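K.L.:
Keeping their order, the protein sequence lines are chains X, U, Y and F. Per numbering that gives the first Met the number 0, the first sequence runs over residues 0 to 344. Per numbering that gives the first Met the number 0, the second sequence runs over residues 0 to 344. Per numbering that gives the first Met the number 0, the third sequence runs over residues 0 to 611. Per numbering that gives the first Met the number 0, the fourth sequence runs over residues 0 to 611.
Treat each hint with caution, since some may be false.
[What the hints assert, rightly or not] Derived DSS-like pairs (lysine-lysine); straight-line CA-CA distance at most 27 Å:
| no. | chain 1 | residue 1 | chain 2 | residue 2 |
| --- | --- | --- | --- | --- |
| 1 | U | Lys152 | Y | Lys136 |
| 2 | F | Lys136 | X | Lys26 |
| 3 | U | Lys293 | X | Lys285 |
| 4 | X | Lys285 | U | Lys270 |
| 5 | F | Lys137 | X | Lys26 |
| 6 | Y | Lys137 | U | Lys26 |
| 7 | Y | Lys581 | F | Lys581 |
| 8 | F | Lys91 | X | Lys26 |
| 9 | X | Lys152 | F | Lys136 |
| 10 | F | Lys433 | F | Lys485 |
| 11 | U | Lys152 | X | Lys198 |
| 12 | F | Lys171 | X | Lys138 |
| 13 | F | Lys433 | X | Lys138 |
| 14 | F | Lys173 | X | Lys152 |
| 15 | F | Lys264 | U | Lys198 |
| 16 | U | Lys138 | U | Lys152 |
| 17 | X | Lys26 | F | Lys56 |
| 18 | Y | Lys173 | U | Lys138 |
| 19 | U | Lys185 | U | Lys273 |
| 20 | U | Lys273 | U | Lys285 |
| 21 | F | Lys56 | F | Lys77 |
| 22 | Y | Lys137 | U | Lys138 |
| 23 | Y | Lys137 | Y | Lys173 |
[Stated by the list, open to error] Short, incomplete list of chain F residues facing chain X, as computed with Cβ under 10 Å:
| no. | residue |
| --- | --- |
| 24 | Ser53 |
| 25 | Ile55 |
| 26 | Ala122 |
| 27 | Pro124 |
| 28 | Ile239 |
| 29 | Ser243 |
| 30 | Leu253 |
| 31 | Gln271 |
| 32 | Ser277 |
| 33 | Glu606 |
| 34 | Asn607 |
The set of hints was computed from the structure by calculation and includes no laboratory data. These numbers come from a predicted model, not from an experiment. Ideal placement from N, C-alpha and C gives every residue a C-beta, glycine not left out.
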Amino acid sequence: MTDEKKTTNAIGLTRQEYQGSPSTLCKGCGHNAIVNQLIQACYELDLRPEDIVKFSGIGCSSKAPTYLLRNSFGFNGLHGRMPSLALGALFADRTLLGLGMSGDGDTASIGMSQFKHICRRNPPMLYIVANNGVYGLTKGQFSATTEPGVRFKRQGTSRYQPVDICLEALASNASFVARSFAGDPKQMRSLFKAAFRHKGIAVIDIISPCVSFFNFAQSLHSYEYGMQHEIPLHELEFVPNENTPLVLKDFEKGTVREVQLHDKSSIRLKKLDKDYDPTNRWEAFKMLQEAEEKRLMVTGLIYLDPDPPLIFDRYNLVEEPLNRLPEERLRPSRESLEALNRSMM
Amino acid sequence: MTDEKKTTNAIGLTRQEYQGSPSTLCKGCGHNAIVNQLIQACYELDLRPEDIVKFSGIGCSSKAPTYLLRNSFGFNGLHGRMPSLALGALFADRTLLGLGMSGDGDTASIGMSQFKHICRRNPPMLYIVANNGVYGLTKGQFSATTEPGVRFKRQGTSRYQPVDICLEALASNASFVARSFAGDPKQMRSLFKAAFRHKGIAVIDIISPCVSFFNFAQSLHSYEYGMQHEIPLHELEFVPNENTPLVLKDFEKGTVREVQLHDKSSIRLKKLDKDYDPTNRWEAFKMLQEAEEKRLMVTGLIYLDPDPPLIFDRYNLVEEPLNRLPEERLRPSRESLEALNRSMM
Amino acid sequence: MQPHQPQEDQKKINDFCITFCNENGTGSSTANTCVMRAIFKMGIPVAGRNIFPSNIKGLPTWFTVRVSKDGYLGRLEKDDIIVAVNPETLRKDLDFLSNNGIVVYDADIAYPEESHGHIPHFAVPIRRLVTELNTDKKLINYIGNMIYVGVLAYLLEIDMRAVEEALVFHFKGKTDAARLNYNAVVYAAEWAAANLDRSRVPFAVRPMDKTRGCIMTDGNHAAALGTLYGGCQFSAWYPITPASSVIEDMNEVLPQLRSDPLTGKMTCAVVQAEDELSAVGMIIGAGWAGLRAMTATSGPGLSLMAEYLGLAYYAEVPVVIWDVQRVGPSTGLPTRTAQCDLLFAANISHGDTQQVILIPGSVNECFDFGWQAFDIAERLQTPVLVLSDLDLGMNLWMAEPFQYPESPMDRGKVLWEEEITRLVQEGRQFSRYKDVDGDDIPYRTVPGNRNPAGVYFARGTGHDENARYSEDPDTWESNLQRLRRKYRHARKLVPGPVFRRGNHARIGLITSGSTQMPVLEAQDVLAQKGIDTDFMRIRALPFNADVIEFINEHDHCYVIELNRDGQLKEMLTLEAPHLAYKLRQLSHIDGMSLTADWITRRIREQENACND
Amino acid sequence: MQPHQPQEDQKKINDFCITFCNENGTGSSTANTCVMRAIFKMGIPVAGRNIFPSNIKGLPTWFTVRVSKDGYLGRLEKDDIIVAVNPETLRKDLDFLSNNGIVVYDADIAYPEESHGHIPHFAVPIRRLVTELNTDKKLINYIGNMIYVGVLAYLLEIDMRAVEEALVFHFKGKTDAARLNYNAVVYAAEWAAANLDRSRVPFAVRPMDKTRGCIMTDGNHAAALGTLYGGCQFSAWYPITPASSVIEDMNEVLPQLRSDPLTGKMTCAVVQAEDELSAVGMIIGAGWAGLRAMTATSGPGLSLMAEYLGLAYYAEVPVVIWDVQRVGPSTGLPTRTAQCDLLFAANISHGDTQQVILIPGSVNECFDFGWQAFDIAERLQTPVLVLSDLDLGMNLWMAEPFQYPESPMDRGKVLWEEEITRLVQEGRQFSRYKDVDGDDIPYRTVPGNRNPAGVYFARGTGHDENARYSEDPDTWESNLQRLRRKYRHARKLVPGPVFRRGNHARIGLITSGSTQMPVLEAQDVLAQKGIDTDFMRIRALPFNADVIEFINEHDHCYVIELNRDGQLKEMLTLEAPHLAYKLRQLSHIDGMSLTADWITRRIREQENACND
Ligand SMILES: Cc1ncc(C[n+]2csc(CCOP(=O)(O)OP(=O)(O)O)c2C)c(N)n1
Ligand SMILES: Cc1ncc(C[n+]2csc(CCOP(=O)(O)OP(=O)(O)O)c2C)c(N)n1
Ligand code: SF4
Ligand code: SF4
Ligand SMILES: [Mg+2]
Ligand SMILES: [Mg+2]
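Here chain X stands alone, though its shape is the one from the complex (with noise of 0.2 Å):
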């Protein structure tokens, strides 16, 4: 740590320049792992903290975003309502990448309009649910995401089949959909680079333990299941693009798959038990039923479409940042409204 300090990456910029203010979540809360691979990644990728803008609900969740990159734009909005907010904001420049992130609550209940739509529209940005399968904030209510059967003293006993939020997104064709667990740093940490260069919105469903409410060693969302049932689909490994032979979707070379992303970079998957290929979005489907089934927390990368259209590939709109566009691009000439006027007389 403190040799870091003195480190920096290929733009000049030490780890340090992409914390945040310091985290006020629970000592071991799931989402501080989060934000930490969240940090390492950025800083490992090169990226500029000014490049990115970050967006979230209202949740322990969503309070990650002041706990990194500092010197990032960001919006913390309403409860549910992140992606809308993103959206409009990344319109503004194209050049910027989203940041989002929410919870289980913020986007599998109150929230499940807006991130079902938003999926739909492909804007830039990942989008991160840390899933505790409860609502830390409020102190602990089920959220959608929590299995039936437990018990809680002042809720009851939750009721319902829990929402598979990497289900919901493939259904809703997102590009890009993963899943993993904050007791695996490596494996999010891959997956975020990945997804920092994924044209277009990459859903990471984070099983992150919320130790105050609901880190019970039979939940599914406590460590303790994670570390004993979390199976990878594979080993995970993102390769940036300068050191990387451009080969497309280059499938089953011995033990490893390679899919490359829009910008050449590639996702180096080393294959383990079984092979799995996340270019295909019905075996995605399978898989998620399976898991479901068998309660297993399977992660890696589950599907990804490695070049679709991006929202603002759909508006045909200029190219440079709109929010720079001066008066003389944006207020139509006079001679046309006088135009327009006599085409209304």
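Position chains U, Y and F with the ligands relative to chain X; hints supplied.
P.N.:
Same frame as chain X, but now just chains U, Y and F with the ligands:
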């Protein structure tokens, strides 16, 4: 038709007694066809209108409930928020059956969240989406089920992958999921009957052409497209319980498959092209994924969980209608308050 | 001679009302608008109003054209000429006929001779004439409508060249279509000349010179143009009557007006959101990030925006919301007009909020407020809600040509990289919520600004001057009080009231928005009846000093508005409770637009009562 | 003798304020409440307030216990005794110490001797004492807190039996836990007796008889119980601070209170919805279908309910909404108290709406309004919004025991099968929205009623007396006017104001809700300073005649409230603009609960200024 007037069903009602006020929808609107088959299904099932409560949101489709079952209570609520209204009302009297009528805009755009969450809850309710791929009542805007590439002069070009209502219902663990086509009255009727007998929510996505704004031959929601591209998964027949041997999920009997409903009535599926097992959620996902890729209008019973827990089962409520409980059973005793007071001293 | 037969020289010229009684979905609006436009082209002031059901096809709909040599644009309560093509409603329609009104009707409708035989009524064999014209089956409805246009043209002496011009206007490039329709009009007019007795018609038009240089358009179209001339860069919306056409019109003219002169690509994006919660969230994101962002909605949509508008107020994000009002509460009467969202809009969202509100009273103001709203929002860093209404927004109005914005855009206090660098060099720092200039408006930066010293984190939770999270009581209070002061500054930025003085009047007429048209007419009528009044139209909240001064100057004022609870009167009461005793509520709430008659009746009743 | 050393007989008895400075998530509330309850058990009035951050663990939190022989329950601005266990805040905490205050602190914290050496300060070696007790590692925090309880007990002479009772109370059945904690308290008290000089403490408690028969509870708990005793049958909610515990407490007591005497099954369902849009939709569905239905939320949730509450108003559906207010606008200060939603709630939703509002001022009223709200809602067939606040809802209050509802449930005008049959037999028909009784309240039926003649179709669109869809202007207007009249009838149904008269006072103090506590205290203080006042606490909207009469009777009135814009004053102004000149706004908006000192200062300033 004039004959029918005199005929009555087993409970002594004529078909006319299942009707509502005259439709104010456009002539030829698919929604009218849905209404007709609903009337027919209720009539043939000998349902008591007083046992049904109708609900809807806002839209042409949501007006439909007034055109049938004039002797049923109903509530035409808010745009996109019918599910919550229905859910609350159904708690009042567990012997009632909900009939929800919605549109693609009402359900998949503004209503996404409530739609998804009511699927998870499994109230006793038939939830029909009259899906025309467009906003009818507001005169022809894109809905979330419009396919990409459609051009409307005042809207530009539709841009996103459509929401697949059945896929969404499946993902949210709806216990009965079907698709039909307003041009296929027989199939609609069979599905409605089965749905009314289903224990829980039955989501039926019905492609229901809007003749005023979106009935173009090439559009996925037109009569012409449906007539030419509908692919039924099976031939469907609803078999009321009194006539049926108790064959639970008796799958491979030659070309006929029977799926039993909780009340021992059943749905008989006649195998068509290839065999399809509607009790396999995973197969349902696969079929929908394929149908989407190939732009097929696959109709029929897509998924059925014949005996899921009903929402009321989860709340341990008294059996009789809650809204008929007298004061003595609602207001705790004077002694109980004294005890409580003592406990706070 | 029959009692109703007018002498030619007794005809009422350029001063009557035609009502077309149609069924919706039958394409009648082309014909109706064509009649209106033809009269307009003859230089005669006209105002058209569409009264339609919340439904797509098959229900009754009415289109009323008021022809007024005096330029009055309000609705009339009685129809002088009824064009009846809808058999369903004829009997009821006849109830609204004025004393010497006439009826032109489709010969296929059974006319109630017994009861209404004395009224001059002209049967037109529409079906036959259409057949004689060998009309293409698909066009039967449309051409049928042209038949009554031709008949009316003859009966009222509408200049056929004006009709032709109106059709050419309507069909834009498509000369074939215009020709086809025009032929039908001519054919019908000739038939009428041969078969109908025009001398029984007590109304006629004569060319005037009162519409020269004028345009004809609707308020939503004006709002769309004003928005685009205001440099709008981002719009997100969700369809709702009667607001949809604001955005749909933007969609239509965007390619023409807003392709970048340099690259040909768009400089404005219009996104259809999944609902209003999302639409308002998107524009708040965009407004925060430095775009001129707007949405258009109506009551139900506005209700859904409550939570986010509280955030925008508190986080100080400029956005523009057009609320084209319809009749509430709830879904109410979606196709009828009202001014019933004022109170809700003024304090929308929980907690202490005060919103800036603009109320356009004409299509010209819809255009002007279209661009001005952005200037105000960005200057003040706060939402601006523009409250239009269905009557203004969806009906065609004659108007002055739109004026090109007279001032450059005011983008407000936005700092970019260099300004931040300069600040830092001067040893100062950027503080997002600090009142630097003593006007309670802080400076802001927007994402994309690459100067790390200009970065901040926005939120709807308590924050200090540097936008840092804070629960400190004093910090909260001082920030909230600054917002209150900032709102007061808005008085100087928003458009003041418009006056029309009477003759040393001691009575005031106060109104806002589209109701000005009947109120101005009523002012004239009242004056004729010996009741002199001064007129004030309020155009914005917060009120400026002139508003209160006006009340002060008068013995009493009628506050005329389209809502039940006297919402404008309530806002005025809160502003100047000591003058409240002078305010009298005149609420018209049945969904129909207001008439001068209604106002005159009410005021005369009250004034006479007082004089007794 | 040091300057601060009090004589034993100079001690201030039963009249001081202890503030515990903790870190949240350390389990301190058990200890703090135990001190409070022990004093309460000694018969001395107490009021406790928790000041906590919007965060779960690790940030500063304060718990203040006011001990008041006079029974004043408002907050005090200065602390007499600081119990400092949070090193982060000690310096700042010391700023709030009263003139002869003292400090008890954890010996591990470095005490600022240089600056505050003159203040009596007592170091307690918490860690050491805990170790000596051989405390289980998991319990270290909890037992550590008991140490300062013991020390305080010694210093303030708190009866050890009372402490024991408080612990037994807290641990309910768990005698082991109570014993363990009590041992720690005793051990610490003994250590204190041996090591600390109590004579330096200028405060002490002595038994009294002022809490006998009283209970101690919080407003949300009272609301939960009142709701259940009101026969609530359905609740849907979405968690939000500070409203969650209303429902969570219902969840806890449901099995005990609402298992059906006949079947043992539940007679009330509590559904956690996916958000507030859904929660309110569910209760409106349930209310429509004849269930007593309620939700509890706070500002942001209320904003999300706007659209649906407009529907409920217009379709006349009885529901009860508890809004436990926190500081807005927007997310604001979620853990601080305010009364800032009044204006928004009163007219929530677009269009003309008027909502019935109840404002409880004590835990007893939270209970009473809990059941009364249903009676009013069902009688009037309209939503009833109950505006509580964080201070009342989440803090512990001493109170009278809850009174069993004195009247049977009023289920309003609901017709079942037989009544419909009778109607039909009498040749009449059921008309959902018809004013049959001349009180503007129609009859209703509910789904499940199997009499087809009683069926109707509800909607938020225009409807006639028979609930049929209607766009008819007159129908719309007359229905909407009926709703306005119906609202006026509510005056007679809602609880009127509560008065406390002074001595022929010419000044009025007007407030509502929990602020009554400091206001009542201020009334006494002002009286002592020669300023006589009359007190009126408003408990509902619409206001009844007494409210206006009170204003009328006084020269001027201070309207004291926790919001920036004087929202209650604004509502009063609208009600009686002619009296508005008498109203003076006193707004306290920093999120802290109000103090008598603050009020007294403001009023004395103004009154003295006037006297100059
Ligand atoms: C409209 C609205 N409703 C309710 C709340 C209260 N609230 C704050 S955070 C939260 C839940 C957070 O849960 P989750 O998103 O899972 O985040 P976590 O705290 O578990 O990380 C709720 C209900 C709110 N802020 N706004
Ligand atoms: C909150 C709100 N926003 C918008 C509207 C306007 N609106 C009425 S119906 C409708 C769309 C209906 O589309 P769909 O559900 O597909 O029904 P359809 O008319 O096509 O059958 C909209 C946007 C509304 N009533 N309420
Ligand atoms: S309460 Fe749970 S989610 Fe919130 S900070 Fe603590 S551990 Fe994390
Ligand atoms: S507009 Fe379309 S959806 Fe509406 S009634 Fe007509 S055909 Fe049906
Ligand atoms: Mg969570
Ligand atoms: Mg539709």
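K.L.:
All the hints need checking, so say for each whether the structure fits it.
P.N.:
Against the structure, the hints come out as follows:
{"no.": "1", "hint": "U:Lys152 - Y:Lys136", "verdict": "holds, 25 Å"}
{"no.": "2", "hint": "F:Lys136 - X:Lys26", "verdict": "holds, 18 Å"}
{"no.": "3", "hint": "U:Lys293 - X:Lys285", "verdict": "holds, 19 Å"}
{"no.": "4", "hint": "X:Lys285 - U:Lys270", "verdict": "holds, 24 Å"}
{"no.": "5", "hint": "F:Lys137 - X:Lys26", "verdict": "holds, 16 Å"}
{"no.": "6", "hint": "Y:Lys137 - U:Lys26", "verdict": "holds, 16 Å"}
{"no.": "7", "hint": "Y:Lys581 - F:Lys581", "verdict": "holds, 18 Å"}
{"no.": "8", "hint": "F:Lys91 - X:Lys26", "verdict": "holds, 25 Å"}
{"no.": "9", "hint": "X:Lys152 - F:Lys136", "verdict": "holds, 25 Å"}
{"no.": "10", "hint": "F:Lys433 - F:Lys485", "verdict": "holds, 12 Å"}
{"no.": "11", "hint": "U:Lys152 - X:Lys198", "verdict": "violated, 30 Å"}
{"no.": "12", "hint": "F:Lys171 - X:Lys138", "verdict": "holds, 22 Å"}
{"no.": "13", "hint": "F:Lys433 - X:Lys138", "verdict": "violated, 47 Å"}
{"no.": "14", "hint": "F:Lys173 - X:Lys152", "verdict": "holds, 16 Å"}
{"no.": "15", "hint": "F:Lys264 - U:Lys198", "verdict": "holds, 21 Å"}
{"no.": "16", "hint": "U:Lys138 - U:Lys152", "verdict": "holds, 12 Å"}
{"no.": "17", "hint": "X:Lys26 - F:Lys56", "verdict": "holds, 8 Å"}
{"no.": "18", "hint": "Y:Lys173 - U:Lys138", "verdict": "holds, 24 Å"}
{"no.": "19", "hint": "U:Lys185 - U:Lys273", "verdict": "holds, 21 Å"}
{"no.": "20", "hint": "U:Lys273 - U:Lys285", "verdict": "holds, 14 Å"}
{"no.": "21", "hint": "F:Lys56 - F:Lys77", "verdict": "holds, 26 Å"}
{"no.": "22", "hint": "Y:Lys137 - U:Lys138", "verdict": "holds, 21 Å"}
{"no.": "23", "hint": "Y:Lys137 - Y:Lys173", "verdict": "holds, 17 Å"}
{"no.": "24", "hint": "Ser53", "verdict": "holds, 7 Å"}
{"no.": "25", "hint": "Ile55", "verdict": "holds, 5 Å"}
{"no.": "26", "hint": "Ala122", "verdict": "violated, 27 Å"}
{"no.": "27", "hint": "Pro124", "verdict": "violated, 25 Å"}
{"no.": "28", "hint": "Ile239", "verdict": "holds, 7 Å"}
{"no.": "29", "hint": "Ser243", "verdict": "holds, 6 Å"}
{"no.": "30", "hint": "Leu253", "verdict": "holds, 8 Å"}
{"no.": "31", "hint": "Gln271", "verdict": "holds, 6 Å"}
{"no.": "32", "hint": "Ser277", "verdict": "holds, 9 Å"}
{"no.": "33", "hint": "Glu606", "verdict": "violated, 44 Å"}
{"no.": "34", "hint": "Asn607", "verdict": "violated, 45 Å"}
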